[in-house]
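2 protein chains.
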Amino acid sequence: MGEFELIKYIQTRLARPLPESVVLGIGDDAAILATPSNQHVVVTSDTLNAGVHFPRDTSAENIGYKSLAVSLSDLASMGAKPWWFNLNLSLIDLDFDWMEGLLDGLNDAMDGNDIVIIGGDTTGGPLSLSITAAGLCGPGKALRRDGAKPGEDVWVSGSIGDAACALQHMDTASVDLMARLNRPTARLELGQKLAHDGLASSCADISDGLLADAGNIAARSGVAIQIIAADIPIADEVKRLDPNNALKYAATGGDDYELVFTAGAAHRNALKNLSAELNLPLTRIGTVLQGQGVHLLDADGAEVSVKSPGYDHFSST
Amino acid sequence: MGEFELIKYIQTRLARPLPESVVLGIGDDAAILATPSNQHVVVTSDTLNAGVHFPRDTSAENIGYKSLAVSLSDLASMGAKPWWFNLNLSLIDLDFDWMEGLLDGLNDAMDGNDIVIIGGDTTGGPLSLSITAAGLCGPGKALRRDGAKPGEDVWVSGSIGDAACALQHMDTASVDLMARLNRPTARLELGQKLAHDGLASSCADISDGLLADAGNIAARSGVAIQIIAADIPIADEVKRLDPNNALKYAATGGDDYELVFTAGAAHRNALKNLSAELNLPLTRIGTVLQGQGVHLLDADGAEVSVKSPGYDHFSST
Chain V
170 MGEFELIKYI QTRLARPLPE SVVLGIGDDA AILATPSNQH VVVTSDTLNA GVHFPRDTSA
230 ENIGYKSLAV SLSDLASMGA KPWWFNLNLS LIDLDFDWME GLLDGLNDAM DGNDIVIIGG
290 DTTGGPLSLS ITAAGLCGPG KALRRDGAKP GEDVWVSGSI GDAACALQHM DTASVDLMAR
350 LNRPTARLEL GQKLAHDGLA SSCADISDGL LADAGNIAAR SGVAIQIIAA DIPIADEVKR
410 LDPNNALKYA ATGGDDYELV FTAGAAHRNA LKNLSAELNL PLTRIGTVLQ GQGVHLLDAD
470 GAEVSVKSPG YDHFSST
Chain A
170 MGEFELIKYI QTRLARPLPE SVVLGIGDDA AILATPSNQH VVVTSDTLNA GVHFPRDTSA
230 ENIGYKSLAV SLSDLASMGA KPWWFNLNLS LIDLDFDWME GLLDGLNDAM DGNDIVIIGG
290 DTTGGPLSLS ITAAGLCGPG KALRRDGAKP GEDVWVSGSI GDAACALQHM DTASVDLMAR
350 LNRPTARLEL GQKLAHDGLA SSCADISDGL LADAGNIAAR SGVAIQIIAA DIPIADEVKR
410 LDPNNALKYA ATGGDDYELV FTAGAAHRNA LKNLSAELNL PLTRIGTVLQ GQGVHLLDAD
470 GAEVSVKSPG YDHFSST
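Protein chains in written order, with my numbering: chain V, 170 to 486; chain A, 170 to 486.
Excised from the complex, chain V in its bound form:
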C-alpha cells in the first residue's frame, strides 16, 4: 500500500455522509466549507506523540480514539457542536492491522458526534497524530476561559483523577477505570447545554489537571479560584486503589476530559436539573474570589499543597 492508497483507504473507512456545509472534502489541495449562517466557527488543534502522550504499547484502537476525543473535548469545553476534523498522521511504517485498529478507534470517537473528516496528510516519521477540529456555536454563546466573576460557584462534571490513577495502576484497575484513561468521553452535550442556556460564565476541559485548568480560568478571568479538596468528586475505586494519592490524582492528574466551569449561584437548580437530564454528576467544588491563582483548601480552610499543577512538556523539574 502506498501513500495514495493509504489516503484512499482512510477516506473510505472513515466515510460519513457529508453535510451541505462541506462543499468539498478529501481529495484536493484543500477542503471547502460553507459556514452555516449566523454561526461562529470554533477551532482547536492537538498533537499526540508516541511515548509522550501515550505509552508506546498503547493499542492502535485507543490511540485512534483518544486522538480525536481530546479535540472533541476542547469543542465541548467551548460549548460547540462538532463539524469537521482533519488528520495529520506520521507513521514509521505501514502495518495494515495497526491501521485497521487506528481507524476503528477513530470511528468509535466519531460515532454519534456528527463529525466528518475533511483532509489531512500521511507521512513517514515517528508515530504522531495531529488533529485540527472545528465546531459551530451561536455568536457570543461560546464558553470561554475569561468570564469567571467573584462570587460564582466552581463546578466539575463526572469524577476527577480517574485517568491519572488508571495510568499508575494499569495491572489492577478495573475495565471501567481503564476506559476512563483510554476512552474518555468528551462532554459535548453538557458543553452545548451550558453554552446554549447561558448557564456557565467560563469553562475549560480538564486535560492538564484540575488545578492547572482551573488556573487557566483564574488567570484569563483575573480572579482567584478556591477549591475545597473534600468536595472534589473522586471515584470510589480510586480511593480504594490508592488512598494516599487519590487527592493528588484529582488535583494534578490530567486526561480526565471532564469540564470545570463557573456559574452564578442563581443557576444551582438549573444545573441540578441538567445533571439529572444528562445522567452526569455535576458537583460544586469551590468559589470564585477576587485575587489570583488557584487555592486548594482542606476541611480546616488551610491551603493544601500538592505537587506541581499539570504537566509541562518542557519543565526541567
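Just so you know, not all the hints are guaranteed correct.
No copy is singled out in the list; a pair is fine if it fits within one copy or between any two copies.
[What the hints assert, rightly or not] The calculated lysine-lysine pairs, modelled on DSSO-like cross-linking and capped at a C-alpha distance of 27 Å, are:
id	residue 1	residue 2
1	441	408
2	441	310
3	310	177
4	318	177
5	441	318
6	417	362
7	310	362
8	318	408
Think of the hints as simulated: they come from the structure by calculation, not from any bench.
Let chain V serve as the given structure and place chain A on it in line with the hints.
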C-alpha cells in the same frame, strides 16, 4: 522557559492585529472565528518532519518559513485569500536561539500575506511542525482539481525543477536557486486572480512533482493530460548545473510550489496579460485530452519515460 512561557513567547513574536473575523485567538481551549458573509472557507493541513521533509541540518529560519509556505501554497492553488493558521510544534528540547530562528522564518512567511496565528500546541517529541491554514474564497470560485476539460491548455507558473536541482547541488547552486528550495513563494496573487476572474478550470500546486500533481488533476477530472517536455520552463541555471537530469527534476522533482492549471484557449490573451501584470512567467506546456493519465512527450511526439512521478512516503521502491 516552560511550556506556558513558550506559548506566550510564540504568541508575542508572531503577533499581528487580529481582524474582526477572529473573535478569539490564542489562549483558550479553542479559537472562535466569524466567517465573513458570503465567503467559503478553504482549509488545508500539512506536517513537516525533520529528516523526512527537510534535512536535519536545515536552519531553523528555513524550517519556520517553509512550514507555513507549503500551506499558503495550498491556499494559492485553491485561489483563496489567507485568513488564519495554527501551529502544532513538537520539539526534542527547547533551544532559545533555535526558536528565535524558527519564529523569524514564520514571520517572514506571514509578512505581506495577511494571515494570523489563532492557536496550536507545543509538545515534546521528535522535531515536527504541523500546520492547518484557512483561507477565504467566494462561493463557487475556488480552483479545484476536478474541472479540467478536453481541449483546454495546460499552464504552469514560474520555472519548474529548481527546488529538486538545488537539493542535489547544495554546494554549487546559486543563492537564488537555493532560495527556490528553502524560501518558496506561494503563488497567492496568481491563484486569487485565476479564481476571481474565472480564468482556470482546474489548478494544483506543484509540491509532489509536475507529473504527479498534473496527474491528480487528470485523475480527479477524468481526463488525460499531455505535456510537451520541451515546453516546460526550466531555469538556465538548472540546465547548466545538471543538463542530464534537468528534465527529471522538472517532471518529477517536487517542492517548487508553482501552480499547474488548465484553461480554455479563449483565455490565452488574458493569461498573457496576467503574467505581465504579476511579473511572473506563465507558460503553456500542454493540452487536456480525453482519456486518462499524464503523458510527457518529446519533440517527435513519443512518450518520454522518467522515474516514478512524485514522492511516496510509503513506497517500497
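Since the copies are identical, ignore which copy is meant and state whether residue 310 and residue 362 lie within 27 Å (CA to CA) inside a copy, between copies, both or neither. Within one copy only: 10 Å inside, 37 Å across.
Go through the copies and call it for residue 318 and residue 408: within, between, both or neither, with a Cα cutoff of 27 Å. Close neither inside one copy (32 Å) nor across copies (68 Å); limit 27 Å.
Homo-oligomer pair classification [residue 177, residue 318; C-alpha up to 27 Å]: between (50 Å within a copy, 24 Å between copies)
Intra/inter-copy verdict for residue 441 and residue 408 if alpha-carbon distance must be at most 27 Å: This pair counts as within: shortest intra-copy Cα distance 25 Å, inter-copy 75 Å.
Intra/inter-copy verdict for residue 441 and residue 318 if alpha-carbon distance must be at most 27 Å: Classified as within: same-chain Cα gap 21 Å, cross-chain 61 Å, threshold 27 Å.
Between copies, within a copy, both or neither: which fits residue 417 and residue 362 at Cα up to 27 Å? For residue 417 and residue 362, the Cα distance exceeds 27 Å both inside one copy (30 Å) and across copies (58 Å).
When no copy is specified for residue 441 and residue 310, does a C-alpha distance of 27 Å or less occur within a copy, between copies, both, or neither? within (21 Å within a copy, 50 Å between copies)
My question is about residue 310 and residue 177: at a cut-off of 27 Å on alpha-carbon distance, are they close within one copy, between copies, both, or neither? between (37 Å within a copy, 26 Å between copies)
Of the numbered hints stated above, those contradicted by the structure are hints 6, 8, listed in ascending order.
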